[in-house]
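Chemist: Read off the chains here:
Number of protein chains: 2
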Amino acid sequence: MDIERVNQYLQDLQGTITRELQAIDGAVTFASDRWDRPAGGGGCSMVLRDGAVFEQAGVNFSEVYGDNLPASATAHRPELAGRQFRAMGVSLVIHPHNPYVPTSHANVRFFVAEKAGEDPIWWFGGGFDLTPYYGFQADCEHWHRISRQACEPFGEAVYGKYKQWCDDYFYLRHRNEPRGIGGLFFDDLNEPDFEQAFAFMCSVGDHYLPAYVPIVERHKDDEYGERERNFQLYRRGRYVEFNLVYDRGTLFGLQSGGRTESILMSLPPVVHWRYNYQPEPGSAEAELTDYYLQPRDWLAAGDHG
Amino acid sequence: MDIERVNQYLQDLQGTITRELQAIDGAVTFASDRWDRPAGGGGCSMVLRDGAVFEQAGVNFSEVYGDNLPASATAHRPELAGRQFRAMGVSLVIHPHNPYVPTSHANVRFFVAEKAGEDPIWWFGGGFDLTPYYGFQADCEHWHRISRQACEPFGEAVYGKYKQWCDDYFYLRHRNEPRGIGGLFFDDLNEPDFEQAFAFMCSVGDHYLPAYVPIVERHKDDEYGERERNFQLYRRGRYVEFNLVYDRGTLFGLQSGGRTESILMSLPPVVHWRYNYQPEPGSAEAELTDYYLQPRDWLAAGDHG
Chain A
1 MDIERVNQYL QDLQGTITRE LQAIDGAVTF ASDRWDRPAG GGGCSMVLRD GAVFEQAGVN
61 FSEVYGDNLP ASATAHRPEL AGRQFRAMGV SLVIHPHNPY VPTSHANVRF FVAEKAGEDP
121 IWWFGGGFDL TPYYGFQADC EHWHRISRQA CEPFGEAVYG KYKQWCDDYF YLRHRNEPRG
181 IGGLFFDDLN EPDFEQAFAF MCSVGDHYLP AYVPIVERHK DDEYGERERN FQLYRRGRYV
241 EFNLVYDRGT LFGLQSGGRT ESILMSLPPV VHWRYNYQPE PGSAEAELTD YYLQPRDWLA
301 AGDHG
Chain B
1001 MDIERVNQYL QDLQGTITRE LQAIDGAVTF ASDRWDRPAG GGGCSMVLRD GAVFEQAGVN
1061 FSEVYGDNLP ASATAHRPEL AGRQFRAMGV SLVIHPHNPY VPTSHANVRF FVAEKAGEDP
1121 IWWFGGGFDL TPYYGFQADC EHWHRISRQA CEPFGEAVYG KYKQWCDDYF YLRHRNEPRG
1181 IGGLFFDDLN EPDFEQAFAF MCSVGDHYLP AYVPIVERHK DDEYGERERN FQLYRRGRYV
1241 EFNLVYDRGT LFGLQSGGRT ESILMSLPPV VHWRYNYQPE PGSAEAELTD YYLQPRDWLA
1301 AGDHG
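Quick mapping for you: the protein sequence lines, in order, are chains A and B. Position 288 of the first sequence, counted from 1, bears residue number 288 in this note's numbering, the numbering being contiguous throughout. Position 140 of the second sequence, counted from 1, bears residue number 1140 in this note's numbering, the numbering being contiguous throughout.
One or more of the hints may lead you astray.
Said to hold, decoys possible - Take a look, some chain B residues computed to stay more than 12 Å from chain A by CB distance:
(1) Arg1005
(2) Val1064
(3) Glu1079
(4) Leu1080
(5) Gly1160
(6) Gln1164
(7) Thr1250
(8) Glu1280
(9) Pro1281
(10) Pro1295
(11) Asp1297
Claimed, not checked - Just so you have them, the derived chain A footprint on chain B, three or more residues with Cβ under 8 Å:
(12) 1199-1208
(13) 1236-1244
FYI, nobody ran anything at the bench for these hints, they're computed from the structure. Ideal placement from N, C-alpha and C gives every residue a C-beta, glycine not left out.
Could you put the whole structure together from the sequences, leaning on the hints where they help?
Modeler: Right, here's the structure in full:
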């Protein structure tokens, strides 16, 4: 198991994604913050703010390690106790200006816990998901087509399994509402072997830009007014609610003394809450929740394009 | 134990507070929403939006009851299992426009669980706390002087105990930062007897307006610009972080199928997050965290005015 290759892949992925997003934005570049974790490791947070296309794009790389996992991590996995651990990943959230461009999130990560004389315990996790404000059938189909392509070399059932996991995970129970139109979510992946699991994580990482960029390009110059902007700002509240109430990575990070500013880079720069807001029935705003945010098989037509 | 008197007090309190805030605002009135809880009970949510003084003021009354408490409520209090319960309270959060006027929160509540042939199990809880954006010594002293006055008839140690509990409770661990300058917080109060505990809850409820209104009056016409407004919007992010990550009432409400819109009425109507923002050292913005948000005895000078 060559952990350095995982590390190198993740750092390269951060570079690739930030370069590409920067090129699309055209107006503003990413600023980098390197930071150390006092208990071991550190990271590099890259943020682009107030661009032409992106209101905020945050792409984090981190690698943390230590002699002891926090109690919260070993409570459900006692086999991890007393092991040295190393966790690394790239995590990103993109909040565009234009309400017709969806917010996107991606994450790929690797965890390993070692002990002299014993086999390492390791797994990969990650995925990506899309959160539109205004729905477009073609965007949803494209996003899921690329999601499926990322999975196809790894078996017929892979896309369906991780698509379902994504729908289940990114769900706001207090709203009875999915966060977005889904994508892929996987965790605890340690089969069939390190090489194949690593290859799958790379495939997910590599398919994020092909999934997202065409959708950004298609809508970044769409005309919009105050109505669409207000709706976007209102819907961003759901993003905050999900990340602060449910997201395991966010809560674990905050509770375990992670770097707060890097963790909360996922939160949108401007958000509105409006008591008891209901979109007008039949409007594009109502269609978001009535149609697009209903979990469905976006590729039901069966094309494998 | 006359539960209807508690109910009546709480409904009257909602009326008194909304009338007074409406009079101060002068421009906009509260809208009322009555709602039913399918499993038993209901409430009345009153919201004032886009007023002259208040950007959003939400004052909730609710009374819920049922035959069985959720598992999460009985896990730590097995003596409650199998009892009929009744819970009622008033909860409010006020978000003013002017960044020089602090946000305030107050809550008073009563819980009782009954079973034929056994003594009822009951307690009162509540408190109020203040979250300024720009600090003023006189405001902090006034707020805590009224807090102390609310407690004084009930014993010498009461203010200090509930002031400390408030400082401990309204604390963002991931920021190492208190939410505001505190006030009072109490819970599980069932001594020395029902009448006295009820009287204390009423005293807290009755002292909220005398604590808050003079501060609103003092600053509602203070001049401010984009800088102060932006700082207020940024700091409101802390309010969201606290309520969604830590606040037990919010999380219990969301998890137990409470009315989401009434629970999340506490969230500010407009919020900003800004990656790694640091106020200029020595500025009024830095003074907020460096001085005002450091827990302290605001009445140390010893006056009992």
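Chemist: Report the numbers of all earlier hints that the structure fails to satisfy, in ascending order.
Modeler: 7 and 12
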